[in-house]
Amino acid sequence: MKQYWLFKSEPTTFSIDDLVKSPRQTTCWEGVRNYQARNFLKSMKVGDLGFFYHSNTDPPAIVGIVQVVKAAYPDCFAFDSKSRYFDPRSVPDVPRWFLVDIRLVKKFPRALSLEQLRGINGLEKMELLRKGSRLSVQPVRPEEWQRVEGLLQDRKMTQSNPR
DNA sequence: GCCAACGTTGGC
DNA sequence: GCCAACGTTGGC
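In terms of our numbering, the first sequence is residues 1 to 163.
Keep in mind the hints are simulated off the structure, nothing from the lab. The beta carbon of each residue, even a glycine, is placed where N, CA and C say it ideally should be. There may be inaccurate statements among the hints.
Keeping only pairs whose Cα atoms sit at most 25 Å apart, straight-line, the calculated SDA-like set for lysine to any residue is [to be verified]:
1) K42 <-> D154
2) K42 <-> R24
3) K125 <-> D154
Pairwise CB distance ranges, derived in the manner of DEER restraints [claimed, not checked]:
4) N121 <-> P92: 45 to 51 Å
5) V91 <-> R155: 44 to 50 Å
6) S83 <-> P109: 33 to 39 Å
7) D17 <-> V94: 34 to 40 Å
8) F108 <-> K2: 18 to 24 Å
9) V20 <-> R134: 25 to 31 Å
10) T12 <-> V94: 29 to 35 Å
11) S81 <-> N56: 25 to 31 Å
12) S133 <-> V94: 25 to 31 Å
13) V91 <-> Q153: 43 to 49 Å
14) N121 <-> V91: 43 to 49 Å
15) V91 <-> E143: 38 to 44 Å
16) R155 <-> D18: 36 to 42 Å
With the sequences and hints as input, model every part of the structure.
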């Protein structure tokens, strides 16, 4: 059974356009230093889908869809003392932090803002919409995924059939 | 094991 | 820029 996720990034750090421009439109998802988020990374499987979310920007929004193309493997940035993600507590024999690789599936023609998401029925329990939610990698329920996908289809119809 | 202090996240 | 919410650290 396919799993769904949400990947959060500040566009000033790494945006969907950076992903568009990446080789093979693929990148490793680096910098996760939160145990809960790490555990979600470790439970990802190749083929899982995820929303790409821009945080700390105006407006915060889901801007595209990505796919997991490589399952969790040790984060070597944590071993590199020159990296901003260096963590001396993580050593190659007992790695503490992990990465997955993701590839762009599509960038939305129009971003789906946090405000719009709050107006969608069926997303009431979505982790992203929870007050105080800060997880940079989070699971999305299949029914939540379908709701958003369905809305995107509707928008497409609206675009191609004006009036 | 508790919890205060602190640093970070991220919407507004 | 503000500040609430959260995770982590470290003294005790």
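Do the hints match the structure? See the list:
Between K42 and D154 the alpha-carbon distance is near 34 Å, which puts this suggested pair outside the 25 Å criterion. Among the hinted pairs, K42 with R24 is consistent with the structure: their alpha-carbon atoms are about 23 Å apart, no more than 25 Å. Restraint check: the Cα-Cα separation between K125 and D154 comes to about 22 Å, which is no more than 25 Å; the hinted pair holds. Our hint of 45 to 51 Å for N121 and P92 holds, since their Cβ atoms are close to 48 Å apart.
Distance hint for V91 and R155: a CB-CB separation of about 48 Å, consistent with the stated range 44 to 50 Å. As the Cβ distance of S83 to P109 is approximately 35 Å, the hint placing it in 33 to 39 Å holds. Range check, D17 to V94: Cβ separation about 37 Å, and the 34 to 40 Å hint holds. Checked against the hint of 18 to 24 Å, the pair F108 and K2 passes, with Cβ atoms roughly 20 Å apart.
A hinted range of 25 to 31 Å holds for the C-beta pair V20 and R134, which are about 26 Å apart. Between T12 and V94 the beta carbons are some 33 Å apart, a value that agrees with the proposed interval 29 to 35 Å. One distance hint, 25 to 31 Å for the beta-carbon pair S81 and N56, holds here, with the actual separation near 27 Å. The supplied range of 25 to 31 Å is met by S133 and V94, whose beta-carbon atoms lie about 30 Å from each other.
The beta-carbon spacing between V91 and Q153, approximately 47 Å, falls within the hinted interval of 43 to 49 Å. Between N121 and V91, the C-beta spacing of about 48 Å keeps the proposed range 43 to 49 Å intact. For V91 and E143, the hinted distance range of 38 to 44 Å is satisfied, since their beta carbons lie about 41 Å from each other. Judged by the Cβ atoms, the range 36 to 42 Å given for R155 and D18 is violated: they are separated by roughly 24 Å.
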